[in-house]
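Asker: What follows is each chain in one-letter form.
There are 4 protein chains.
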Amino acid sequence: MMTNAINVAVIGYGYWGPNLARNFHQLPEARLALVADLDAARLAEVARLYPTTTVTTDYRQALARPEIVAVAVATPVRTHFAIAQEALLAGKHVLVEKPLALTAAEAEALIALAEQQQRTLMVGHTFEYNPAVWKIKELIAAGEIGQVYYAYANRVNLGRVQWDINALWNIAPHDVSILLYLLEAMPLEVSARGAVYLSQGVEDVVFLTLTFPGNVLAHVQASWLDPSKVRRLTIVGSEKMIVYDDVDNEAKVKIYDKGVYRKGNAAYGEFQFRVHSGDIHIPRIDMTEPLRNECAHFIECVRTGQRPRTDGACGLRVVRVLEAAQRSLERGGASVQV
Amino acid sequence: MMTNAINVAVIGYGYWGPNLARNFHQLPEARLALVADLDAARLAEVARLYPTTTVTTDYRQALARPEIVAVAVATPVRTHFAIAQEALLAGKHVLVEKPLALTAAEAEALIALAEQQQRTLMVGHTFEYNPAVWKIKELIAAGEIGQVYYAYANRVNLGRVQWDINALWNIAPHDVSILLYLLEAMPLEVSARGAVYLSQGVEDVVFLTLTFPGNVLAHVQASWLDPSKVRRLTIVGSEKMIVYDDVDNEAKVKIYDKGVYRKGNAAYGEFQFRVHSGDIHIPRIDMTEPLRNECAHFIECVRTGQRPRTDGACGLRVVRVLEAAQRSLERGGASVQV
Amino acid sequence: MMTNAINVAVIGYGYWGPNLARNFHQLPEARLALVADLDAARLAEVARLYPTTTVTTDYRQALARPEIVAVAVATPVRTHFAIAQEALLAGKHVLVEKPLALTAAEAEALIALAEQQQRTLMVGHTFEYNPAVWKIKELIAAGEIGQVYYAYANRVNLGRVQWDINALWNIAPHDVSILLYLLEAMPLEVSARGAVYLSQGVEDVVFLTLTFPGNVLAHVQASWLDPSKVRRLTIVGSEKMIVYDDVDNEAKVKIYDKGVYRKGNAAYGEFQFRVHSGDIHIPRIDMTEPLRNECAHFIECVRTGQRPRTDGACGLRVVRVLEAAQRSLERGGASVQV
Amino acid sequence: MMTNAINVAVIGYGYWGPNLARNFHQLPEARLALVADLDAARLAEVARLYPTTTVTTDYRQALARPEIVAVAVATPVRTHFAIAQEALLAGKHVLVEKPLALTAAEAEALIALAEQQQRTLMVGHTFEYNPAVWKIKELIAAGEIGQVYYAYANRVNLGRVQWDINALWNIAPHDVSILLYLLEAMPLEVSARGAVYLSQGVEDVVFLTLTFPGNVLAHVQASWLDPSKVRRLTIVGSEKMIVYDDVDNEAKVKIYDKGVYRKGNAAYGEFQFRVHSGDIHIPRIDMTEPLRNECAHFIECVRTGQRPRTDGACGLRVVRVLEAAQRSLERGGASVQV
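Chains A, B, C and D, in that order, give the protein sequences. Going by our numbering, the first residue of the first sequence is number 1, and it counts up by one from there. Going by our numbering, the first residue of the second sequence is number 339, and it counts up by one from there. Going by our numbering, the first residue of the third sequence is number 677, and it counts up by one from there. Going by our numbering, the first residue of the fourth sequence is number 1015, and it counts up by one from there.
Since the hints were derived computationally from the structure, they do not count as laboratory data. Heads up, a few of these hints could be off.
[To be verified] Lysine to any residue pairs mimicking SDA-like chemistry, simulated, CA-CA at most 20 angstroms apart:
1) C:Lys905 to D:Lys1277
2) D:Lys1243 to A:Val247
3) C:Lys905 to B:Asp586
4) A:Lys135 to C:Gly954
5) D:Lys1243 to C:Asp921
6) B:Lys567 to C:Gly954
7) C:Lys939 to D:Ile1179
8) D:Lys1243 to C:Arg907
9) D:Lys1243 to C:Val906
10) A:Lys137 to A:Pro18
11) C:Lys811 to C:Glu860
12) A:Lys229 to D:Tyr1275
13) D:Lys1243 to A:Ala251
14) D:Lys1277 to C:Ser875
15) A:Lys229 to B:Gln538
16) A:Lys229 to B:Asp586
17) A:Lys263 to B:Gln538
18) B:Lys601 to A:Gln200
19) C:Lys939 to D:Gln1214
20) A:Lys135 to C:Asn925
21) B:Lys567 to B:Trp354
22) A:Lys229 to D:Asn1263
23) C:Lys939 to D:Gly1173
24) C:Lys811 to A:Gln200
25) D:Lys1277 to C:Asp921
26) B:Lys567 to C:Asn925
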């Protein structure tokens, strides 16, 4: 690390924490000063991998140490709010894993607290640090695909089954954050249907529709009970169409020069359509790990005071959509305004 | 053809009619006696391809000729009912393309008429004659995948845009017929959301959810405004999972020995799950053209009087689901009982 | 057909003959007047599919009929020469399936005879009528991929096992014709190795290398004993690289903006390389059936007297390469000059 | 690490060294005690990633330290022999990256020296520690695919261009080691052809054929000048066929129940064949990193004195094949006995 590297603590070393720890460890601008987790076996592994890092079962140690100026919270979602709040109160800069909190009220409280404490509050919407998503944003913003018609995302996999949080809150935040980022808008209303198979009251699969301004329809399918790992987003525009397949290493983003146009006027009420099917283009995408970009950005914000790209407000927006979707889920798919 | 081959007329030679004509022509048990279409250029092509087949712009010629005992109706959906009715009244056996009709009332009228006329009424649910679908049915029926949890289908493509019928009625009938066939049940309720981009009042994309008895959730995505041709159905069971990809020639049906099981009892409210991820098996699927199977079955039913696998009642069930889905679509996705 | 459609006879209705028959039947400019085959059951099928076409077990009937002006020869390779010769002597225009003959001497004799008889002699190198191959030729000719470095083709499958002709003569002619067409050159020398598993003396798998002028190396793998159908050609140029995958419907031709460049001078004997890895482009390829293009071109040549793109000389070049490769095969892979 | 963890030094931190260092660091039974490399910038990175590891530009420091009992040599191939020899003489256990040496004589000298010094000599044939390769070995050994007919491997990529060693020595060792491991035999003769495009005298692409006892033919294509990363091995047996695709995460090993059988006797010299095309099976493959298995095995051998699976003799066999192939390459593809 550099002499003036920022000391960071990672709180929570379950599924995602190891990735945060590895990235902060690898960043020259940061120092992985401390890792906290309740599981002693996990901590022993941390000690072996990062012998100069302090390990502890008590995350409050991270908050107590003055040399630690930033913490990353990767604990179960239900604890995000309490730990982030405590960290901000202790004067730390805080990166919270997605979703930022379980309610909009909690997210708002964190935003207000960070403001008051003059500390960085950032949410770990990893895909907003993904070069493939940046490329798609650039294409849409430049008008390359014309008017956005609709988009749909499939994020399914086998495993990482949760018992305290459903697939909506566990998996869909990624796609909600991507959609809000790409469309630069909040949905007007959402609707969600799901089904419970493994743990009472916890949806294993969720189908979510979001209606954005301008007749833009979006659909998200989230499941941890699926035979294959799929992470695909399709965006259909009036001029071009984009398929983003995150598990395809050679062709992450495909731009299809395809579209349907109405020909002339409708004679006798019948429209004629011209289907245009042209070339496909696969732009080169920078292969840096999105989480590395995210961690580096957090460190940069801590150092300079600049506002993170995925600040508290950004985290709040996603939580608002999830809250509305949860309400729809509980009402059997009824449309809920955001 | 054989000396006692059944004379068949194909009414409608647009998108699907040529496939019906080709198959009846190739079947030894049938003779393609007549093709009717309003477009003279199409008829000229028929005359060139099948020089011994009568061509006409007046489909009533088919009904008038006594040697023609069976007709296949492949006209626009809005005309299915009228033409099929007329054909039955003329004493013909009738194969109607999917969907059988635009309303349950019409479908019921056709069923009653066929009964009264003692003629075969069959609906062209092609996928119920697809060896891949037969294989999946066999696996589910044998309990191979355990309890069916949920299923989802993507049927999207670019092209074949309609102006008089939306993606629900044009594309989704395939998946609805497959689901009803595989699950051997009617959905309790359905919900559909869609969006209109090309022709006023005609949804180009539709997201449909169906709730079957026993907590089986199904989802269908249908669109003619998509960059790629996708025809995929995933079925998740408690013991195994199946992916049916109709555009994959080598691996149409994949059986995943995968599942998630609860371990022991929940301590302190926390469940433990064991994810099992075993082998994948790809059974050999007979490569006969489904439409050939369908046409052969129709001829067989005409010849023997046996009831078709996809009889009028089968066509009616699909129409009932579509009707309910259409109502949901018009009510912004509200749940509608079937 | 048109009134002045060309009457064509197809001789040989085994594996490829049905495709020729179907295409000549479908072409407005041609009339499938006669099909000859030794197998009565096949002929019965022809009679059913094409009721106005004459069927016969005696191909000489085709040669005897004055109204038949052109014949397509799709018989076993060992009979190509004799039947084509007889047909030319009878004053017919002749399309011969690949390879044109079993020896260069035979091919030369056919060329001389066609010249003397003033009749069209064309060889059925289908891939030279394939829009994907045309596109690649266009790219190479325009200098798009820079200098061609090397190329390799895999053409393997399970089935269509031969007992009288090895994989070199049965499968490799396609790739040899493509390579000669794309590179516009004859190889200086060839080398082939193979192995025999099913029929004594008949190689089931062959690995062929061809050295073209300008240090262009090419490699062809041909086998009918392989688990999957692969038809892939990769062409590596100094500026770009092309992959042509004939079984990929969405991305038949991929153009990779990739290359390796030497940086500056070698210091201390060590070179530095810069690897450039840019976008991938998938041009839209016209989807017309190559065999239809081929059949239409044959009819056009018969009608106008123009020289076919794949004339006798073109067929001879491929036979010369195969003859040299066969000699290498018999000498255990020794290099043989063409 | 454990208290009695084995101290390991990694010599060479270029392309492969970092992977060795990471794995030794992660293994509880080992301690990454030292990393040596000539490049100070690389060493700075090591110091940051592994703050308790000694870094040095002088690899002899590793040999001088008594607490370091084992070294892994990942330097340029031309230095393998000298450094491994020096390390053995210093009493260290040695893991050498593939290929073990540049000549059989050097490999033999290392084997003799290790014997004499009673130290472990192991070669880093990573694929012999790959669970997918283990699975294939198991299938072949159990007779599952019948008699092995032939095998072919494609190992191509863009990048990692070498100036001092050709694609034969740099890339093909993987496939040669896999083939020798699976077939449990040495080839009788080999033949290789290649082409030079980037650095004088260094083949960028090589096509290698190997003839094994029992009429087993094998083919290896190696290139660092290719648009896509391909790592595929196909093995055709008399009863079944296997495709091993190392870059496919879901279906690394596919077992095809496919084969061709001769039917009855040849009448009139004509054989009849029956093509059997059955199911495809994809066995679950353990996902542990092969290099981790390899490093753990090395540590285990150092600790217990057991002979490594890829001992010096194993490394020698691969070098012998490469030497013969190099001679063939220099003689334009002439067959060379091994």
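Asker: Indicate, hint by hint, whether the structure satisfies it.
Answerer: Right, here's what the structure says about each hint:
1. C:Lys905 to D:Lys1277: 23 angstroms, violated
2. D:Lys1243 to A:Val247: 15 angstroms, holds
3. C:Lys905 to B:Asp586: 12 angstroms, holds
4. A:Lys135 to C:Gly954: 14 angstroms, holds
5. D:Lys1243 to C:Asp921: 15 angstroms, holds
6. B:Lys567 to C:Gly954: Given that 20 angstroms is the threshold and the Cα spacing comes to 27 angstroms, the pair is violated.
7. C:Lys939 to D:Ile1179: 18 angstroms, holds
8. D:Lys1243 to C:Arg907: This hinted pair holds, its Cα atoms lying about 18 angstroms apart.
9. D:Lys1243 to C:Val906: 17 angstroms, holds
10. A:Lys137 to A:Pro18: 29 angstroms, violated
11. C:Lys811 to C:Glu860: 15 angstroms, holds
12. A:Lys229 to D:Tyr1275: Violated, at roughly 39 angstroms.
13. D:Lys1243 to A:Ala251: 12 angstroms, holds
14. D:Lys1277 to C:Ser875: Roughly 11 angstroms between the alpha carbons, so the hint for Lys1277 of chain D and Ser875 of chain C holds.
15. A:Lys229 to B:Gln538: 37 angstroms, violated
16. A:Lys229 to B:Asp586: 18 angstroms, holds
17. A:Lys263 to B:Gln538: At roughly 14 angstroms apart (the allowed maximum being 20 angstroms), Gln538 of chain B and Lys263 of chain A satisfy the hint.
18. B:Lys601 to A:Gln200: Between Lys601 of chain B and Gln200 of chain A the Cα gap is close to 14 angstroms, so the pair holds against 20 angstroms.
19. C:Lys939 to D:Gln1214: OK: Lys939 of chain C and Gln1214 of chain D at ~14 angstroms, within 20 angstroms.
20. A:Lys135 to C:Asn925: 26 angstroms, violated
21. B:Lys567 to B:Trp354: With a Cα-Cα distance of about 17 angstroms, the restraint between Lys567 of chain B and Trp354 of chain B holds, given a limit of 20 angstroms.
22. A:Lys229 to D:Asn1263: 10 angstroms, holds
23. C:Lys939 to D:Gly1173: Judged against 20 angstroms, a Cα distance of about 14 angstroms means the pair holds.
24. C:Lys811 to A:Gln200: 58 angstroms, violated
25. D:Lys1277 to C:Asp921: 34 angstroms, violated
26. B:Lys567 to C:Asn925: With a Cα-Cα distance of about 10 angstroms, the restraint between Lys567 of chain B and Asn925 of chain C holds, given a limit of 20 angstroms.
Of the numbered hints listed earlier, those contradicted by the structure are 1, 6, 10, 12, 15, 20, 24 and 25.
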